[in-house]
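Visitor: Sequence:
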Amino acid sequence: MGYNFLEIEKKWQNYWAKNQTFKASNKSELPKYYVLDMFPYPSGAGLHVGHPLGYIASDIYARYKRHKGFNVLHPQGYDSFGLPAEQYAIQTGQHPNLTTEANINRYRKQLDKMGFSFDWSREVRTSQADFYKWTQWIFLLLFDSYYCKTTNSAQPIKKLVSHFETNGNANLNAVSDEKIISFTPDDWTAFSYKEKQEVLLMYRLAYLSESEVNWCSELGTVLANDEIVNGVSERGGYMVTKKKMKQWSMRIGAYAERLLEGLNQLDWPESLKEMQRNWIGKSIGANVRFNIQDYKGVIEVFTTRPDTLFGVTFMTLAPEHPLVNTIISDQQKVEVLAYVEASAKRSERDRMSDVKSISGVFTGAYAIHPFTKEPIPIWIGDYVLAGYGTGAVMAVPCGDQRDFNFAKHFNIQIRNIFEGADITTEAFVEKGKTKIKDSDFLNGLAYKEAMIKVIKRLEQEGSGEGTINYRLRDAIFSRQRYWGEPIPIYYKNGIPVALKTENLPLVLPEVEQYLPTPEGAPPLGNAPTWAWDTISEKVVPNARLNETSVFPLELNTMPGWAGSSWYFNRYMDADNQEAFVGKEAVNYWQNVDLYIGGSEHATGHLLYSRFWQKFLFDLNLLPVDEYAKKLINQGMILGSSAFIYRKKGTQEYVSKNLIKDFEVESIRVDISMVNNSDELDLEALRKWQPQFSTASFVLENGVYHVEREVEKMSKSKYNVVNPDLICEQYGADTLRMYEMFLGPIEQAKPWNTAGISGVHSFLKKLWKLYHNSEGFYVSEGSASKESLKSLNQTIKKVTEDIENFSFNTCISSFMICVNELTAQKCNERGVLEPLAILLAPFAVHLSEELWQLMGHDTSISTVSFPIYEPSYLVESSKNYPVSFNGKMRFTIELSLKLNPQEIEEIIMKDERTQLQLQGRNPKKVIVVPGKIINIVG
RNA sequence: GCCUUGGUGGCGGAAUUGGUAGACGCGUUGGAUUCAAAAUCCAAUUCUUUCGGGAGUGUGGGUUCGAUUCCCACCCAAGGUACCA
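Residue numbering for the first sequence follows my numbering, starting at 114 and increasing by one per position.
No wet-lab data here; the hints were simulated from the structure. Be a bit skeptical, because a hint or two may be false.
Unchecked claim - Derived pair list, reagent style EDC-like, types lysine to aspartate or glutamate, alpha-carbon separation capped at 20 Å:
#1 K902 - E913
#2 K136 - D686
#3 K550 - E532
#4 K938 - E887
#5 K613 - D257
#6 K742 - E387
#7 K140 - D257
#8 K877 - E941
#9 K272 - D290
#10 K272 - D300
#11 K605 - D257
#12 K272 - E308
#13 K613 - D646
#14 K862 - E913
#15 K605 - E311
#16 K769 - D738
#17 K605 - E308
#18 K356 - E374
#19 K131 - E236
#20 K222 - D192
#21 K742 - E374
#22 K355 - E632
#23 K742 - E713
#24 K877 - E933
#25 K356 - E572
#26 K309 - D339
#27 K292 - E311
#28 K696 - E713
Said to hold, decoys possible - Pair by pair, the computed Cβ-Cβ distance ranges are:
#29 Q804 - D339: 23 to 33 Å
#30 D339 - P641: 27 to 37 Å
#31 T485 - A457: 29 to 39 Å
#32 L838 - E120: 15 to 25 Å
We treat Cβ as the ideally placed atom computed from N, Cα and C, and that holds for glycine.
Working from the sequences, and respecting the hints, build out all of it.
Guide: Here's what the structure looks like:
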């Protein structure tokens, strides 16, 4: 009677599915607890061993909470729109929906094998019309809202219109495009329909605007920074340039302050909150306007150091700055245009990371200092980014290192305005450390006073004002892709008009080609008729566009983060046809109590979803404005890629430690052909790809050693490890416990199966505890004091560890416990029954089996978690007449006459040895010389 | 570059508030059992040593009676860096 994990696991997986054991109810007397995983993108490579890490952790906690008497919601679904399915469709012509469906089915099988306690009746898929209907619905709400700074919330656009009708845009405290010009109520009434719509677009939370994208004309498409390598496209190696395009954007900037504030109340990792804070990047400073010599325009700059205004010796514009073309002098024209063109080819990331090479060019124009009226040369430099602030900076080389380097490099004047500061080799950047000099009315002032005074003067003279600036940019919401949610907008004479909500979903059309159209329009342009008939209120096949009733639909689709920005609310009420989530359901579940997912989403999904939540909260559609109370980042499980070395120009491969004698290139090979000692299975390699079938190998001691490198798991890197094999070989319970035993969940670690046998033999030992040579055997007698002590120590440790998500140390405690009970020959129900419940969140199938063997006919998941009995841990001792349980602290006053060495000698000889006799863990002795001795156990 | 995280035996990792560094597991070595193997059980296992000791938590400094833990500088690795999800 061995531990037959295959049979046990299958049995209980079927049992749970049949009995719907983990189906959550929206009505319950019990307190609610919502445990959420970040839903996976169903990739073609299948689920790999990295995915379950977070799911196992959340599953343990969800199961634990059920034992603790909570009504637990633990759902799962698929983020099923995405680029890989589309790429595959482009290559093969297969509809992404087919690929996606196949991948989802595979994922589901794999997930089921691991015994997760998901409530599958609430599954969502972002690419399904009954889900994205509501994504489109939320988009329309955003389109139909603006941000009112007085109420500090989103408001319906109707309110804005009525404000315009009575006041124009005077006294309006709303977030808008910067270029808005003021108008009166009469102006508004006189505006044409088109003009009115254009004005409203400047306020809408979902709006159209010109934004800059990476355009690849060869591919006829827009590329992500990710798809650009060394300035050319990853696919094909074509040239990529910056191009302005009309794009949908989300005015997330309106929520910058609330997104920042909201972080304080969240139980999220401090590091992740810090990342979001930095991403939002609030900085307080001033906008300063400089007139331009012999030209009537102004340059507006944002600076966090207006106190250094008298240290300005030049200005720098981003190469994309709109004024560049108009202000350049004729002599400089050729040079400047060449520079602008060159920097258009560099990605923003390149420009930011390359700080060592300083580049720039003088425009030939001069700005005028607002106070001294001195001329200031205007330069262009690509260290200034168009997307941040105003795209222009006032350069103060004495107080900013980048300005300093730029000035030194181009031999521009540096003026020192800091008392006693040495600026011969570097800028003096510490604010508030000294006083300001040579600065007219700011002389002798420190940083703070100078800031206040200069901003006041700027405002008086109309050449600037105090400003708060956020680094957070509005999020571009258009994608030139096929496989995403269609944007429910049509264009009437070039003006975007929203579909009516009752006409949703706007279903993704069939196309023959998933590539952009030959004219460079997004793939939806390939649809036979992607047009909206306003009379029948339908997409009408073969209808012709006309001026009166049939209008072109938006060709862009929504980005990947659209569906994931609200899916967690859908789980609460996944079948609701009338609303994105029912009032009753959302009032019961409120929000997510525990969210587990990777930190790679810190400034993407985790920020956008907070934004949507706050928006929906503003419209009174949700009861809370933060959706995830507690968040834990599971570290990524990294793949360990393998490389072999080929002698250049030959079919001869050289083992890792012998390459120094040859000129070699490295080639990736599949990780499944390499064992734990980095030895390559040559036979497998020969069969793997035809190019290796005739290869020869230079071996060391008869084996070929590969080079290893740790990186993200991905199909293209041949380093994906499939959990199915491990489930077959060791069982899901072993896999679950092993992944948790690998280390702290927050920590990233490379996958390695080296230690899995230890966890597996633990489960075998556990099985043996409940069996004797005849078969299952649990005694009804009373357990020994020793066994009860082991049990209660374990209950205490396990409970604490689960609450702290310290699952690796928790499993260590289980191992110690089982070893102790085995040594004690414990077989009493009084110990073995609680032990099975303790293990139920971890070894989910095995504990159900043992529970049944012990004569229970319901699932172990409904049983209360054991509570430890402190009295079993109390121990009396001859040496120490003191009992201890858990943390213990003695403070013993010693004679002050002894010197530290003498004290130490006494302690080392006596107390320490005595204390070491007690308990399982050695005790620590602390000696504080001359004063107190603490003995901490 | 910038933001975030991490660096401890042959390996994954533990160490509560600054107090015996290396829990637990893998691996290795030795032993028991076996005709043998698998499985199982027991013991040892940071390195070094002239067996007295000595060194040791990425590197170099600092604070402290005492530092894996706190501070400063640096090196290395991973994640993010706005159209990968």
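Visitor: Of the hints given before, which are not true for this structure?
Guide: Result: hints 7, 14, 16, 18, 25, 26, 28 break, sorted rising.
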